[in-house]
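Trainee: Sequence:
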Amino acid sequence: MSSTTAHLVKPPKSLLRQVGRAIADFRMIGDGDRILLGVSGGKDSLSLLHILAHLRTYAPVRFELAALTVDPEVPGFDPQPLKDYYTRLGVPWHYEQQPLMEQAKTHMDGDSFCAYCSRMKRGIMYRLCREHGYNVLALGQHLDDLAESLMMSLFHGGQLRTMKAHYRNQEGDLRVIRPLAYCRERQTADFAAHAGLPVVPDSCPACFTMPSQRAYMKTLLAREEREHQGLFANMLHAMRPIMTEGELPEPGWPSERPRPDSEQAALGEGDARAGADDEVVEHAHVDQRQGSAQPLGDA
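Mind the numbering: the sequence shown is residues 1 to 299 in full-length UniProt numbering, read in order.
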């Protein structure tokens, strides 16, 4: 196989099955949804791109898919070579540049750079969703990320919290989904390597030095998994009730809302404020109705 793939690759059945089950369990996607996927060019987001593109063709629900890359303008990060790649895949690509590293020097206000950058990127994504008429934002965090977040919350916050699998933003006009919530990081790494996906290396200097707490949790979990092979399955079972908040949002384009004209779509009110949604919840339950949903991943 060539070093990079210029066409859609069918993901492994194991990935499709787990993503399909997560989509069904948390009612992430419905008929008429217009999904914008945040793509950094890393292994996780590119893997999810191929998974959602496959489901777009073969799933029983019909939805639209586009990709968005937010360029923080750090030295060495250049996603532009992926422009033709997205075109060949038949996936519209939106690109936004923001000098986040420079902005952080004067606007972080006590945050770590990673927290500031994440919040700003989220606000930009919300704004682009509104400008172009997307009602769902898809993100590429996987089970390892959720487990690490849970451990960080326990160790440093004294609370049972992790990232949500599906929730509505504070303004109530957008839904956020994490279809890889049941998938392991090694699965996306294996898929990206074997499929020859054109992964863009992470060149942000803060990412190599700042997230020491998360790196420690990753090492701790890897060590414990060697002794307890069912560790992540057990953690997923424990996290399920806190991966959503109350009643799950309804999937699909709301029938009472007109289809958007991208030229007239409402703009966001400010990237920093728009990206300040709480990423985790403490006490919640998964909607019991999800048990009747059918997974999308067996296509």
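Heads up, some of the hints might be wrong.
Stated by the list, open to error - List time: in silico DSSO-like cross-link candidates among lysine-lysine, alpha-carbon distance up to 30 Å: (1) K10 <-> K218; (2) K121 <-> K83; (3) K121 <-> K218; (4) K83 <-> K13; (5) K83 <-> K10; (6) K218 <-> K13.
Worth flagging that the hints you see were computed from the coordinates, not collected in a lab.
Trainee: Taking each numbered hint in turn, which are not upheld by the structure, reported in ascending numerical order?
Mentor: none
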